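Participant: These are the residues of each chain, in order.
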Amino acid sequence: MAKLQAPQDRRGSRNDKHGPVGDASTELTIDQVGIAFNATKDRSSYQAISSVSMEIKPSEFTCVVGPSGCGKSSLLLAVAGLVPISSGSITIGTKAITSPGRDRAVVFQAASLLPWRNVLRNVSYGLEFRNVPRREARERSMEVIKLVGLEGFEGHYPHELSGGMQQRVNLARALVCDPQLLLMDEPFAALDAQTREYMQEELLRVWGQMRKSVMFVTHQIDEAVFLGDHVVVLSKGPGTTVAKIIPVKFERPRSDALKRTPEFLAIVDEIWECIKAK
Amino acid sequence: MSAEVGLAPVALAGTGGGGGGLARVARVFTGHQRWWLGLLGVVAVLAAWQACAELNVVNSAYTSDPSSIAVAAKGYFDGGGGWYALEISATEFGVGFALSLVVGLLVGMAMGWWRWLEFLVDPLVNFGYAAPRIALVPLLVVWFGIGTPSKVAVVFLSAVFPIIINTMSGVKTADASLVRVARSFNAPSLQVFRTVALPGALPSIVTGIRLGIGQGLIGMVVGELIASTAGLGYTIETAGNNFQTSLMFVAVIIVSGIGVVLTQSLRAVERRLDRWRPDARS
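Protein chains in written order, with this note's numbering: chain A, 1 to 278; chain B, 1 to 282.
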């Protein structure tokens, strides 16, 4: 089965390599999605998300924020195909999502690196399941390692790296697969404030070069406003819905100074009010 | 401080061959601490044993002593049937342990990976592990005869359960977040197992094999003690009955020696496979 899909993957990666992705098929549509969890103990069902609809256009950076426990991570994992949805539909282009696929890659909250593999072999991990020849996998991985600023560390093991560097590997591991849609699940939540700010800028730099569609889940409002083209604000759970979608039209490239401008703070306040209101 | 340390070897070398040699000896000693401290412990015990026998603190007819054991060992391997006994025992252990390794690893991995299989087989494994397997030796002799096959069976039964149980628990406790990463990349189940569960289970698997070596050796010796016509355990049995204390110790020491060598080789393999792991101990 994997063999049959391999040529398709290579075609996809060739298209993606040249400039920004421009075709409409990369668009993500989340349509009235509900997510319920079944408690194993008493067979009761917990409706985490009742109805969420949103769209991500090609090459767009969309952030999702919401109060803790609202199910924003679950929504992202549903898009990744790792969590089943109970109602509605998620489609990429015209294809409905039911399982993980090579059109998406996830950057997890915890770096979740394989501790027995060095940086290079961690980054090339996803390519092993896509029948990419060993040499090409190595070359592509080295390219991405360079892109995320880890050149010279490819032989290091995860325990030898700082938290920020581990997250760079985590990001590189997703990027090397050349997905149409990059899914990021609070990737900087575990980092200290200083490293987080630095990683935000680094992420924008990398994204500026690759221009993937991104769905970025975070609980940090300023992070969402700083990174995103849109911020989707979710309401409090259970039974989460979309409270508001706020466009963020600051020019790119954005720098750290933006975070202290009144316009920026106004948007942060607006989102805060929106979250508190419920 | 650092300058002092840096200068020390130069100063020593300047004082002539004696000082330099001494420094080199000192370096060798600190470098192979594990090795020579271990040797020191063994030598101390042997010396104390010999001294007790020489000074008649103990009766060496009952306890023997290192020098008598050395003489007995020479006789044992110089036409006294030592090589034959070793060959027999090594075959029994080798075949039995190889079987338990293959079966134990496969069953343990399968039980760790498929929950329904664990549920299906776990009671049997627990039962087998708790059973006094050595007590089955007479029965095994009836089934397989008094020769090598019955000892192979004993070694297998002794070694296989620790291997199954430890392998299973290692695979079962695979890091869920890493499994999720693999699934997010659309990895087929077999690949998730190969790239996540198996490497993560390695320390448990090695522990199981190490326990299996010890249990298997015990099984081999006890099997031969109970019913056999040849082997190291047979030597222990006959030497004990004939009051040949030294010869008995020769056979016991060989068995322990085999255990030590096997465990050490296993550790070497583990170190190679587990090079990435930081050592938490200083």
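Read the hints as simulated data drawn from the structure, not as lab findings. Note that this is a predicted model, so its numbers are computed, not measured. Even glycine gets a Cβ: it sits at the ideal position worked out from N, Cα and C. A couple of the hints might just be wrong.
Anything over 10 Å on all C-beta distances counts as not near chain A; from chain B, calculated [stated by the list, open to error]:
1) A131
2) P199
3) V206
4) R271
5) W276
Label pairs and their in silico Cβ distance ranges [what the hints assert, rightly or not]:
6) N38/A - T173/B: 20 to 30 Å
7) R194/B - S99/A: 16 to 26 Å
8) F119/B - S86/A: 26 to 36 Å
Participant: Which of the listed hints are not met by the structure?
Facilitator: Hints 2, 5 contradicted; others consistent.
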